[in-house]
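Each protein sequence line maps, in turn, to chains A, B and C. According to full-length UniProt numbering, the first sequence is numbered sequentially starting from 1. According to full-length UniProt numbering, the second sequence is numbered sequentially starting from 1. According to full-length UniProt numbering, the third sequence is numbered sequentially starting from 1.
Think of the hints as simulated: they come from the structure by calculation, not from any bench. Predicted model, so just to flag it, every value in this text is computed and none were measured. There's no promise every hint is true.
Incomplete in silico selection of chain B near chain C, CB under 7 Å [stated by the list, open to error]:
#1 P10
#2 I12
#3 S14
#4 V18
#5 T21
#6 G118
#7 G189
#8 Q193
#9 A194
#10 L202
#11 V286
#12 R344
#13 T345
#14 I351
Just so you have them, the derived chain B footprint on chain C, three or more residues with Cβ under 8 Å [to be verified]:
#15 63-69
#16 108-119
The C-beta atom is built at its ideal place from N, Cα and C for all residues, glycine as well.
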Amino acid sequence: MLSAIASMTTLGVGLGLLLGLAARRFHVETPPIVDEIEALLPGTNCGQCGYPGCRAGAEALAEGSAPLNLCPPGGRDLALGLADILGPQAGGGACLEGMEETAQMVAFIFEDHCTGCTKCFKRCPTDAIIGANRQVHTVITDACIGCDACIEVCPTEAIIHRPKPRTLRNWYWDKPLAGDETGGDTRLSA
Amino acid sequence: MTASTLVSGPHIHSRFNVSRTMMAVMMCLSPATAFGLLHFGWPAVFLFLVTIAAALVFEVLCLALAGKPILRFVTDGSAVLTGWIVALTLPPWAPWWVGVTGAGIAIVLAKHVFGGLGQNLFNPAMVARAMLLVALPVQMTTWVTPIIGGPVGTDFRQALAITFGGETGIDAVSSASTLSHVKSQLDAGQPMQAILADMGSLHDQFFGFVPGSLGEISAFLLLLGGIGLILLRVITVVIPLSVLGSVAVLSGAAWLIAPDQFPPPQFHLVSGSLMFCAFFIATDYVTSPVTGLGKMIYGIGIGALIFVIRSWGAFPEGVAFAVLLMNACTPLIDDYVRPRIFGRTRAGKPIELRDMP
Amino acid sequence: MSIFPFAGRFDPARLFSFKGGVHPETRKFLTSDCAIEDMPLPSLIRVPLQQHIGLEAAPLVERGDAVLKGQLIGKACGPVSANIHAPTSGRVIAVGHFTAPHPSGLPVLTITIRPDGRDEWGPRLPRLRPEDASPEEIAAHIAEAGIVGMGGATFPAAVKLNLRAKYDLDTLVINAAECEPYLTCDDRLMRERAEEIADGAGIMAKALGVRDIIVAIEANKPEALAALERHKRALGHALKIRVVPTQYPMGSERHLVKTLTGRETPARALTAELGVVVHNAATAHAVHLACRYGEPSISRVLTVSGRGVARPANLRVLIGTPVAEILAHCGGLVEEPERLLMGGPMMGQPIQSPRVPIVKGTNGVLALSAAETREKDVMPCIRCGLCVQVCPMGLTPFELNTRVEAGDLDGAARVGLLDCINCGCCSFTCPSNRPLVQTIQHAKGRLAERDSRKHQQDQARRLAEARTARLEAIAEAKRAAMAKRKAEMAAKKQREAEAEALVAEAVEATSRKEATK
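Let the hints inform the model, and build the full structure from the sequences given.
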């Protein structure tokens, strides 16, 4: 009886010491997580997340005050990438439902309403709007990140958000309608 | 020409579909089934019908619970086939509730709990068989000698009593199946030669004039049905060949080494449910690997396990357990054994032209 | 046909072709005995400027212009693009966007011509004597004629002829397999124009600088085979005619080369790696027309078939003829078709409206009745493994499907998603009728979109950085200018102050002088 107690105690103490030593010996300095997050973010400082610039967004993410899906331009993939770093529950978790399906949004200028005030042109973080003073502006769709900044500043509300237009070049087949378990064909269901 | 027809090619389809496959399997099973029903008489017929009906009822209930289109799934024939196979593995004079329990286990536990058609990891009929074997050892090992020429000694009324009234075979000749007979005799210290000499001829076993499960006694008719399946291209030859081959090779080797202890390979091949397993159970699409090499590994695994369980296991017959164990390996086999992609090496790199002839 | 038609016959030649493939009912008998007829001029011609892989051609005409037959109306843009010519004489009534002959039905830049009925030729292409021309000249001539791969891939033919610069070529394969069911246009063309096809093949062989020409014909076309056997010499080359087993997708370039040479083309590479270039028989015919008669690619032979068409036929039609007019010429539709397709039933594309025009790559117009198309009830996958057995690329389609449905695009890509050639064998054979091909195509599109988004994000980041740098530079410049101005002001002030001081001093001195006076 006594020997059993003694041996178990020794074992416990010994292993505890070993673990404690290992924890000190192999201690890894956690890298500054903010830099890691910032590297993932688009880096366009568009401000759609509500923070002033990507750096601020990364800091908010790091301290857990922002949800993982804060960045619309980054979309689902970015949210998943952030979850890899921060864990899925960071910032109160985030619903990725539907994020995949949201089409990429781009700005579109109604040329009839544009007065050529150059406000949007100056505000655009990626120089995706071209135009000059008193000339109708237009959006370069491929450079637009859909950040809304131009919409806010337009004095004549000539800019809207719309899904990136599909062209023959970027078109692809829709996912087939689920016809099996979900009962796509209700004709035969009793 | 409306938007609803906007679907990608191909726009034509082969005539092969799920219910046709199921029908082909049933067609190929019917000779052995008819033989069994004829030889075990009315009780067997009742049990067969009750089991299939129960399978259908459970299927409908599960589909209703899961909210799936009932008519489409019931008419695909998979539930009938599962019920059919469960019935064939039962002792022919088993009471009705054994059949119902078996069908319930197969349909509810082994199929729909996993998500229904195509989702089950284990072969439903074998899950039912294994569970019944463990839970009801008495009912599952009460064999009757087949009565050549029809249900002599059991008229319709008696048959009803056997299947539904709880009578245990009144004055039917109760006997052990060949495999359990061999097993018990070996345990009693008899040499193999004496046991074999004591038993019916190999001819009787091959054609099915021995006690056994309802549909498994006639190795000949099952072999015929299996060849039919292969000719109809419902199954490939790989699984049956590797199951039968590995059993034959292993038992042959064991028999050559110790003829006192092991029955000869031809005995293994024609006894028990090996033939049934090789053509109708192991070849189940859902629970077997998809590539040729994978199928071969799977078949050899089943054959080896059957031989091991028959020779050293606690049960005289090991088909159900062997199939279930290999079912569990199927995802693993499928993950590791992939076909080589055209223009790539097995490792997935584009082939290099230097390697070409 | 039994109730189990999948219990098919066995052809030993298949042992030496390629793994997988299917044997759909060919239904070629509907049109195989219909001689090629010329379709009369349509009332309207719509010529899309994108009929090829690569960049859209640039329009050279405007609304109201009169054009002559064979006149260049769209100029190739960039290295992979093709010229577009007016198919007949008439007046351009619109240059704008019109529904593309594409399943999406998205608009494409299209030149609409109202034919004047005279079908008057403009200046033809300069006649070329291939016997004396250099390979470069032939290739340039074919590029000028706007010829693209007419088997459906629509890859500019001249680009393929110029592969000799990069690869060591030895064989030209004329792909006359025509493995798609229903289609008989290549078959008819070979029966009726074997000599011209052989000549076109000879010209292309010269342009490629290859020794051998192999013509590959599926075993189900004995008449075409016999016709070609009679015309085996072209431009000093002897055509080798090889019968290949009837097996879909034999017409796939890489599988045809595998069957003919026993060698597999490495993944993501061209058959040219093996020294083989594959061209379609119809392309060879177009090359013949371009070189011998100076006729650019303005017409093609296609098959109009399916149970929905009153009179199935093989027609020579002008590029840009609307599908509706072709169907009307063939007696109209006997029933509302379940599918209206361009191309064959395996890989052809559904079209949304019969008003769309046919293009250079359209080898068939099919109106399939409900009985001919695939059954609709989709059942769950039962893992039967048939798709794995028939996949000519050695993929596991059911697994790709499962992964894509679960949203695991990367996993699907890892097990070969991008190696899929969309041949449709898996969907064709699937007993559960699962739309495997569409799922796979969808996943490929999603992957491509994701890549382009990623690329775009990187680009946006660069743009943003450039902008920040620029703004900073501007601010810096402003600050510098301000500082400079400030410094100048200060200096000026100081100078003024000094001047004032000097003046004051002078005044003081003067006043002092005056005082002393």
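Hints, verified against the model:
no.	hint	in the structure
1	P10	3 Å, holds
2	I12	5 Å, holds
3	S14	5 Å, holds
4	V18	5 Å, holds
5	T21	6 Å, holds
6	G118	4 Å, holds
7	G189	47 Å, violated
8	Q193	44 Å, violated
9	A194	46 Å, violated
10	L202	33 Å, violated
11	V286	5 Å, holds
12	R344	5 Å, holds
13	T345	9 Å, violated
14	I351	5 Å, holds
15	63-69	violated (count 0)
16	108-119	violated (count 0)
In summary, the numbered hints that this structure violates are 7, 8, 9, 10, 13, 15 and 16.
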